[in-house]
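Student: Taken in sequence, the protein lines are chains S and L.
First residue of the first sequence? That's 2 in my numbering, and the numbers climb one at a time after it.
First residue of the second sequence? That's 2 in my numbering, and the numbers climb one at a time after it.
Everything labelled a hint here was simulated from the structure, so no lab data went into it.
Note that the coordinates shown come from a computational prediction; the quantities given were computed from them, not determined experimentally.
Be careful, since some hints might not be right.
One copy or two, either will do: identical chains are not told apart, so a pair holds if it fits within one copy or between any two.
No more than 30 Å apart at the CA atoms, straight line, and that leaves these computed lysine-lysine pairs for BS3-like [unchecked claim]:
#1 K9 to K43
#2 K34 to K93
#3 K9 to K93
#4 K9 to K45
There are 2 protein chains.
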Amino acid sequence: MQKTQFQKTLGYHIVLELHDCDATLLNDMQQIKTIMCEAACKAKAMIVTEHFHYFLPFGVSGVVIIQESHLTIHTWPEHGYAAIDVFTCNSKLALQAAVQYITQQFNAGNVTQHYLHRG
Amino acid sequence: MQKTQFQKTLGYHIVLELHDCDATLLNDMQQIKTIMCEAACKAKAMIVTEHFHYFLPFGVSGVVIIQESHLTIHTWPEHGYAAIDVFTCNSKLALQAAVQYITQQFNAGNVTQHYLHRG
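Just chain S, with the same shape it has in the complex (with noise of 0.2 Å):
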């Protein structure tokens, strides 16, 4: 299932890890929620519909429901740290933007990237 690139297959799935990150941002609902729907356009993803969730007494979690999958994040930001998932059934959107683009905005000092080939 574990790919170190993408090959060709049917769903395309990024599992990030980011670490070190900024806690106060990782509290931040409102501003999640804009970062991840800025993500799915990076990617020429058509968002369908999202939903985010605030946690006491903190973390976040979200999802971004795109005609092409979705994306997701949980955070934890007593530990500074974000899981996010990216997964396309298209091959042709512009996954490592939005992947590049949510790093740089959380402000990361420590990230993963694992691909998985789904199907």
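Given the coordinates of chain S, work out where chain L should sit on it, guided by the hints.
Tutor: The following block gives chain L in isolation, referenced to the frame of chain S:
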């Protein structure tokens, strides 16, 4: 990132690949919504919201946002395939009960699941 079994971590993520499924069911958005929401209940998760989308000419995408993170599904009826992700920040959820239920409901002939620990 990838482990054969869960260890203590922030996020618990199951990547589930269902092949050789019932193609008619994979194209039935209402049924898929029912199955995914019921799977969340089997896991003892609390549903926050859900969104499902039908694609022409075929295929369904959907997400169930739970207090403890999310479940997503994307189906390719023409390939008898569904890509499912179950993600939670709560180690006490009964994820395997959800996975077993989903697998049975889709009558999958070929199943793989991978455990990712996130964070």
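Student: Against each hint, give a clear statement of whether it holds in the structure.
Tutor: Each hint tested on the structure:
no.	hint	verdict
1	K9 to K43	within (22 Å within a copy, 34 Å between copies)
2	K34 to K93	both (24 Å within a copy, 28 Å between copies)
3	K9 to K93	within (12 Å within a copy, 37 Å between copies)
4	K9 to K45	within (20 Å within a copy, 36 Å between copies)
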